[in-house]
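Engineer: The chain contents come next:
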Amino acid sequence: MTIVDPQTAEMLRETVAKHCERHADGALIRASRGDVPGALAADVATMAELGWLAVSVPEDHGGLGLGVSATGIIAEGLSGCYSSDPLTGLFLGARALVHAQESDGLLAQVVEGSATPVLAWQENAHDFASPLPATEYRNGTVSGTKRWVASAAQASHFVVSAREDGRDVLVLVDASSDGVSLSFGTRADGTPISELALTSAPSTVIARGSDATRALRRTLDEGTILVAAELMGHIDRMMKLVLEHLNTRKQFGKVIGSFQALQHRASNMFVHQRLTRSVLTTTLGCADLITDPVEFGQRAARLRARLNDTTQLVMRESIQLFGAMGITDENELSLHIKRCLSLLGYLGNSTEQRRYWTALSAQSARTGDTN
Amino acid sequence: MTIVDPQTAEMLRETVAKHCERHADGALIRASRGDVPGALAADVATMAELGWLAVSVPEDHGGLGLGVSATGIIAEGLSGCYSSDPLTGLFLGARALVHAQESDGLLAQVVEGSATPVLAWQENAHDFASPLPATEYRNGTVSGTKRWVASAAQASHFVVSAREDGRDVLVLVDASSDGVSLSFGTRADGTPISELALTSAPSTVIARGSDATRALRRTLDEGTILVAAELMGHIDRMMKLVLEHLNTRKQFGKVIGSFQALQHRASNMFVHQRLTRSVLTTTLGCADLITDPVEFGQRAARLRARLNDTTQLVMRESIQLFGAMGITDENELSLHIKRCLSLLGYLGNSTEQRRYWTALSAQSARTGDTN
Amino acid sequence: MTNSAPDWNEIPEAEFRATIRECIENECPAELRYHPYRFPPEVTMPWYKALHRRNFIAPGWPVEYGGMGLNPSRHLIFIEEMEAMGTPWLHDAGVRNLGPAIIAWGTEEQKAYYLPRMHAGEHIWCQGYSEPSAGSDLASLQCDGRLDGENVIINGQKIWTTSAHVATHMFGLIRTDRSGKKQEGISFMLIDMSLPGITVRPIANLGGHPDFCEVFFDNVVVPQSCILGEVNQGWKVARSLLGFERIWAGSPRRAMKVLRQLRRELETQGLLDDPLWADRFAKASFDALDAQDMYTQFADLVRTDGKVGVEISALKIWSTSIFQNLSEMLLEVTGSRSTLSTSGEDDLLAPYYESRAPTIFAGTNEVHLNILARSVLGLAKSE
Amino acid sequence: MTNSAPDWNEIPEAEFRATIRECIENECPAELRYHPYRFPPEVTMPWYKALHRRNFIAPGWPVEYGGMGLNPSRHLIFIEEMEAMGTPWLHDAGVRNLGPAIIAWGTEEQKAYYLPRMHAGEHIWCQGYSEPSAGSDLASLQCDGRLDGENVIINGQKIWTTSAHVATHMFGLIRTDRSGKKQEGISFMLIDMSLPGITVRPIANLGGHPDFCEVFFDNVVVPQSCILGEVNQGWKVARSLLGFERIWAGSPRRAMKVLRQLRRELETQGLLDDPLWADRFAKASFDALDAQDMYTQFADLVRTDGKVGVEISALKIWSTSIFQNLSEMLLEVTGSRSTLSTSGEDDLLAPYYESRAPTIFAGTNEVHLNILARSVLGLAKSE
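Protein chains in written order, with my numbering: chain A, 1 to 371; chain D, 1001 to 1371; chain P, 2001 to 2383; chain L, 3001 to 3383.
Isolated chain A (complex conformation) (with noise of 0.2 Å):
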C-alpha cells in the first residue's frame, strides 16, 4: 500500500466536486425516503467507471494499490451529495478481501463494478471494540444474523465474519444462493439499512483463525476512518451554510453574524473544526503506511471519535444558530444533519470507540511500548 500522491489527491477531488455539482439532489433524497435501494451518490457502475472502485484495490488485481488514503478524500467529497453511498459499503467489502487476501479474481471484478462484495459483521449495537459473532460456519455452510449491513441492496456477495470451532473465520456468501435473505430498515436519513438472515447458506471461508481477526480488524479500522472523513465533509458544509446564514438573515437592523456573542459561537466552531481537519489530514497522511495493529486502531479510534465529537457539536450550534430555520426538513442542513445522525452510531461511536483505544493501550503495554 501506498499514500496517495498529492496529483492525485487532487485530481480524485476535482471529479467527486464535479460529480456532486451535478448530481447532488435533496428533493429526490427527500422523495427516496424509505426506499430501497434509495438515493445514491452513485450507482455502483458510475462508481466503476470514475474509478473509485478501483483505488484501494492492489495493483496485481487491477486496481491503483491505494488505500485508506485515496478513499478517504472521495468519502470526504461526497456529502455533497450529501451521502457517499455505496462507497462506504463496498469499500468494506473489498477490503475485506484485500486483507483476507482473497485471490480467485474475485478484486478484479470489483474493480469492473461486476462483482459487489459487502461486508456483513455485526450483530448487535455495541459490537465496534470488539466483535464476536454467534454467526456459526461449519462444513461449508453459515448460519446467523447480521444486522447493520450497509449497502446490502448492491451486494453481489457478503463476506460475513462467523465461529468455526470457536476460531474466527471470514466467509464469503453468494448473495442470491439458497439460505440468504435480507430485510430493510430505515436510517435517520431515510436510506436502507439491512438484517442478513443467514440459514446454512453455502459458503467458503477465505481467512480463518488470527488472519481472519486480523483481517476483519484492520478492515474496520480502515472504515471508521472512511465514516470520519465522511463526516469531516459534512462538518465543513454545515459550516458553511451556518456562516452564509449569519452573513445574511437580520434580526434587531443588522446582520446576526456582527452580533459577538454568535460570532464566539461560530469562531469556537471553527476551532473545532480545524483541530478535527488536522487530525484527519494527519491520519490520511499515514494510516495506509502504519503496519502495526495497536497503533493503526488507535489512530482511528482518535480521529474518529474527534469526528463524531466535532460532528455532534456541529450539529447542535448549526440548528441553533440557523434558528426555526434549523429544525426544518426544508432547508439543505437537514440532509446533512440526518445523514451525521445515520453515520455517528455506525463502526462505533466515541465512547464505543474511546473504549477499543483503551483496550488497545492495555494491550500495547502489556506488550512493551506505549502510545
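Since the hints were made in silico from the structure, they are not lab data.
The model shown is predicted, which means the values in this text are computed figures rather than measured ones.
All clues given are correct.
Below, a list of computed lysine to any residue pairs in the SDA-like style, where the Cα atoms sit at most 25 Å apart: (1) L/Lys-3182 / D/Gln-1251; (2) P/Lys-2182 / P/Asn-2155; (3) L/Lys-3182 / L/Leu-3242; (4) P/Lys-2111 / P/Arg-2053; (5) L/Lys-3381 / A/Val-255; (6) D/Lys-1250 / D/Leu-1313; (7) A/Lys-254 / A/Ala-324; (8) P/Lys-2257 / A/Gln-320; (9) L/Lys-3182 / L/Asn-3219; (10) L/Lys-3257 / L/Gly-3344; (11) L/Lys-3381 / P/Leu-2138; (12) P/Lys-2283 / D/Arg-1277; (13) D/Lys-1240 / D/Arg-1030; (14) L/Lys-3381 / D/Asn-1247; (15) A/Lys-254 / P/Leu-2138; (16) P/Lys-2181 / P/Gly-2156; (17) D/Lys-1254 / A/Val-255; (18) L/Lys-3257 / L/Glu-3083; (19) P/Lys-2181 / A/Arg-249; (20) D/Lys-1240 / P/Lys-2381; (21) P/Lys-2283 / A/Ala-125; (22) A/Lys-240 / A/Asp-329; (23) D/Lys-1250 / L/Gly-3180; (24) L/Lys-3049 / L/Ile-3103; (25) D/Lys-1250 / P/Ser-2375.
The hints should help you fit chains D, P and L onto chain A, whose structure is shown.
Structural biologist: Below, chains D, P and L without anything else, positioned relative to chain A:
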C-alpha cells in the same frame, strides 16, 4: 429536629454579615499561610458567644435544636470572611455526638465552647462514598491514622470512626491523651489540615454497629451540605467581583461588560448560579426533616455535586474574565479561589458524590423505591 | 362542570396521585401513551374530552372556571404523573397558555364565550407571533391590521405557527398602528381560522412531522371585539402571558421524559452498574432533578407574587439545554441502534429532533442570555 | 560554537532522541527535574550553559547562529524528550522568542551583540508589552519614548512583565510617536534593565510565586541603536514575532505534561482499567494528541511558508483550554489529596494555577475568538 424559621434565619444571616464586615481580613489570611491554627473566621469563644455552636445541638442539651438548615446559613455567610473555619470542623464533631446519641454532658459543653470535639473519620483520599476505617478499637484503646482532620488545632476531643471485631464503632478520644499525636499539613488556602496518629489511645465507645454506621453517614452527609452552603457563598462573592470588574474595566474604549460575548459568558455563569441556589434553598428547606437515609444521602450528594461543578465553572470563568488580574494573589478573588480549592475535594468531590448517589439508588432499588 | 371536587391542594398527596392515575388508567387508551410526537387532535380528542369532563384539563385555572386551582407543587405532581404514564401531548395551547390571559384581560363576554369552548376542546388554539422578519426581534412584527369601523382587516403573514394546520383559532399579535415605537401599536387578537382569506401551509420539521406552519392573511375581516385587552396594547397582554409561557417553557418535564428513557435503556443493557454509565446517568439525573428544584421555586414565586421575574430566563435556558444533552446521551448509549428510524416508545431519534426546538422557540436561548445580562446582571447595553 | 554537528533533521529519529536523552542525563541534575514552577535563573544556569555549550539552547535557530536548525517534527521531538524527562522551565524568552526576530529584523551589529549573549545565558530577556490600560487592546499602549538626539527617553509603565525581576534586558513596545493611528508610532526596543530609572515590582501569582512584575520607567535613557527594525515600526516587528510566539503559545507541551501526571495517578490508584476513568483518560488523551497533530501541521506551515496564518488562533485556544481541563481533571481524580498544598512532582495544584495564565496571556482567548470571527470566518465587525 426542626427547620429554621424565616425570622431566625434572617437574624442569623444578619449577625454573620455584620461579623464578616468587621472581621474579614485578606491581609491576615495571606500573612498566616502555613501557620497553625492560621486565620479563622472567628475563634471558638466568639462562635460560642454568637450562639453558632448551639445552633445544631438539641434543646435538651441546651442548644437551639436546629440542624444543617441553620448552620448552612452561617457557613454560607462566613464566606464573607473567605473561610468558615472552624465552623465545619466543630459542626461535624458535635453532630456525630448528636447522631450517636451521646449523652454524658459533652454536648452541653459544646454549646458553651468549653468542649470542642472534632470528627476524625477519613483515612484515604477517596473514602467519602464508603468509608471503611482501618483504625481499630479494642478494649478501650484505639489505634490508627486519620487524615484530613479539619480544625484539629481547636479540638478538645476527637470522635473517631473505627472497627471493632469487624463492626463499625464511633469512639471518643480526649485530645490530650497519651497516644494522640497531630501533625499539620497546609491546604490550598494556607490553613492547616491534620493527620491524627492514634497509638493505643484511651477511648470510649459512643456508638456501635449499625448505630455507628448510621450516625457517621448522617454526619458526613450533613457535613457535605455545610460545605455546599459555604461554596454557595463563595460563588455569589466571586460573581459579584466579576460583575464589578466587567462594569468598570475598559478596553477598546468601553467597559468590557458591554461586549456581548462576555455578557453571554456572565449570563451562563448566572444560569448555573441560579440553578445552584435553587438546589441549596430546597435542600436546606427540607434536609432536617428527612429521616430516610437514602433520601437524605441522595439529596446531599446531588446538592454537593452541583455546588462543586458550579464552583469550578465560576472559578474558571471568573479568573478568565478578570484577565491578568485574575491570576495574581493580590486581589480578593484569589482568596475565594484558594478557599474553594481547599473545599472541592473535602467530604467528597463530584465524582465521589455521583458514585455515592448511584450506590444509594441501587440500595433503594433493592428495597423497593426509587429516587 | 361539577362543583363537588375536593380541594386538590389539601387532600393527601398519595390520594391526589392515585386520583390522577385512576383517571389516566380509565380514560387514556394504551395506544395513545408513550408516543414521542404529538398526535393530530382528532386522535387524542376522546382523552381531551375525558379530562374536560373531570375538570382535569386546566389544572392551573381557578376552580370557578373549571380548573383544579392547583398550587405549583401539586401542579408539578399532576404533570409528573401524566408524564410518568406517558399520556400524549395535547393541543392545549388554549387552556395552558391563552386561558390564563383571558381570565386576566378578557371582557366578561370573552370569558363566557372562549373559556368553556377551549375547556371542552371545541376550540383548538395556535399562537401567531413570529414572522419571517420578526423572530428574536419580535417587536418588529409587520402583519398588518387596519382598523375599519367595527372590524380589523388583516393582511400579512405569520410563520412557525405551531399546529396552525389543525387549529380552529389563533391568538396573534397584529400591528394596528405604525405611528409610535415598535412595541406600541400592536393588538392581541383572537382570530377564527375559518375566516375567509386565511391560508395555512404546514412546514415539515426535522422529525418529518408538520408541526408548524406559515399562515397567510389576505384581507381577513375580524371584529374588534376579538381584541384581547385594549387596542394597540397587545404587547402588554403578550408579555403577561409570556410569564406563564416561560414557566411552561422552563419545565423540565421533557428532560425528565428522556431521563426515564435513558434509564430504561441502561437497565435493559445492564449498564446501571457500569461505572462509566452510572456516572453519566447520575450527572444527567442531577441536571434534571436540579432543574425540578429550580422549576418548583419559580412556580412558587409566580403563585406568591403573581408574576415571573426576569431571572426565569435561567430556568428556560437550563431546562431546554439539558433536554438536548440528554437526547444526545440517549444516542450515545444505544450505539448502532441510534442510526435507525423507528417509531413509538423506542424512537431514539425523536428526543433528538424534539429537543432542538425549545432552545429556539419561546425566545431563543441567546435572547434570554441577553435578558439576563441586561436585566439581571446589570451589564451595559452591548451597542 | 562547534561546527561539527550532524544534520539533526537527517540522522535517524532513534539516534536523535538518544542524543537528547544523553544530554539530559549527563547535564541536567535530578533535583532540577519534574519541578512544577520555574526556578530562578541562577538555579538553572548550569543546565542552560550546558545546552549553550552543546548548541542545544536554540533548537529552532539556523545552524549558522548556533541553532540546531530543526524542522518542526524534529523540534517537537526535541521538546517531547525534554518534557518527558522533566527538564526545568528556563528563562529562555530571548532565544525562543526574541532571537528569531533579531535574526529577521536586526542590524549586523545587533545580531553580533545580542545573539551570542542570549545564547550563552549572559542576557536574560523579558517581554514588555502589556500596560495597565493596554491588555487585550495592546495597540493603545502609552509607555512614552521621547526621541532625543541619539537617544530615546522612556517614561511610563509596563505590567504583567514575566520574569522582569530576574531579567537583564527587556524587549518592549514603546510609543515614540502620537500623531498617527494607534498601531503606528510604536517602536520595538531592546532595553538594558540595569539602566538608571527602571524600577521593578514583582507581583505574586496564584501559585504564590513572583512570576510577573510591574516595571516603571522614569526618564530612562536608551540609545536609538536599541530599536529593532525601524523607528515607529515596532508594531510590524511585534506582529512578526507573534507568529513564533503563537506557535509556542499553542504548543500542547504543557497539556501533555499534565496528561502524563494524570496517567501516573491513574496507574498508582489502579484506575487505568476502571471504565469511568479509562473513558475520561482516553478523552483527555485524544484532546492532547489531537492538539499535537494540529500543532505539527501549523509548525509545518510556518516552515514551508515562513509565516503563520490567522487560523493559528485556533491552536492557541485549543491547547490552552485543554491544559485547563486536564488540570481540573487531575484535581478530581486525586480526591481529598487535591486540597493540599505540596511541592515538587506531586504538586497537584501547580497545574491548576499554571494553566490559568496561558488562556489570558499571548492574547486572551477571547481576542483570538474575535480574530477568527473577523479574519477567518469573514463575519461582520461587531460594532
